[in-house]
Amino acid sequence: MAGEAKEKIIFFGNGPLADAALAVLEKKFEIVFHAREKADLLKVKELKANNPGIHGVLASFGVIIREDVLELFEPEGILNIHPSLLPAYRGASPIESAILAGDTEFSVSIMKLVRAMDAGPIYYQRTFKDLPLNKAEIYRVLASDGAEWIAENLTNLPEPMAQDDEKATFTTKFSKSDALIDPSTETAEEIFRKIVAFQGFPKVKFAFYGIPCIILEAKVLKVGETAPLVLECARGSKIAILRLQPENRKPMDVKSFLNGYVK
466 MAGEAKEKII FFGNGPLADA ALAVLEKKFE IVFHAREKAD LLKVKELKAN
516 NPGIHGVLAS FGVIIREDVL ELFEPEGILN IHPSLLPAYR GASPIESAIL
566 AGDTEFSVSI MKLVRAMDAG PIYYQRTFKD LPLNKAEIYR VLASDGAEWI
616 AENLTNLPEP MAQDDEKATF TTKFSKSDAL IDPSTETAEE IFRKIVAFQG
666 FPKVKFAFYG IPCIILEAKV LKVGETAPLV LECARGSKIA ILRLQPENRK
716 PMDVKSFLNG YVK
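With the numbering used here as the guide, the letters of the sequence shown map in order to residues 466 to 728.
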């Protein structure tokens, strides 16, 4: 109805998943506060105490929320948009871990936040089977779908279903050492998935013609295909480098790199 007041939300989140979710949520709700760090939880407690009807939605917050804050949002809880088919891929890097594992399907779950990591009961899940192997697009699709579901169901939530903890798998944060590649032992497909998964951080690095570079874009070559800059990989596979960034230089396409750095 025109002029009808929007439901109020406190949003918790940082990074690409949060950005994509917020782009949907801010059109549907009144975002009264965006919590980005641990210090913001004091403001959350104040706002919730003064307005008990405010809802909580979280996407990739990266901060442990204590029991005293969680209790303020009972009984519906803080709704967590988590990009995996829980209980699979609990933890900090579900999309990246799924890409590295060779998954071809990607999922989103809406769960009630609890103290145990990503272990709360599930309100909603959906799996996508035809997404491009592009991390930014995967983030966008999963976050947008989860946020749209929240927009449609927040005021009439179904009964959440408990997770099967025995089936849980876990992910970890990545470090710069994880971005190293070894074409002599890794296939072109494995290296390609690393390049996709580690866009943003920790970024795959390799030295071409003695020049350390970040690999920004690549593709696995089919049998018989050629390209200007190719890595010979394990099992006879090959990967073509399309865009890269030499150390302390701007990103460039492979033609510019070869023209500028290779004599």
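These aren't lab readings, by the way, just hints derived from the structure by calculation.
Careful: at least some of the hints might be erroneous.
Said to hold, decoys possible - In silico lysine-lysine, DSBU-like type, Cα no more than 30 Å apart, as pairs:
#1 K668 / K720
#2 K715 / K684
#3 K687 / K668
#4 K577 / K473
#5 K670 / K720
No experiment lies behind these values; they were computed from the predicted model shown.
Checked hints:
Restraint check for K668 and K720: satisfied, since their Cα atoms lie roughly 21 Å apart, inside the 30 Å limit. With a CA separation close to 21 Å, the supplied pair K715 and K684 stays within the 30 Å bound. Pair hint K687 plus K668 holds up; C-alpha atoms about 24 Å apart against a cutoff of 30 Å. Among the hinted pairs, K577 with K473 is consistent with the structure: their alpha-carbon atoms are about 18 Å apart, no more than 30 Å.
Of the pairs offered as hints, the one joining K670 and K720 holds, with about 18 Å between alpha carbons and a cut-off of 30 Å not exceeded.
Going down the numbered hints, you'll see the structure goes against none, and every one checks out.
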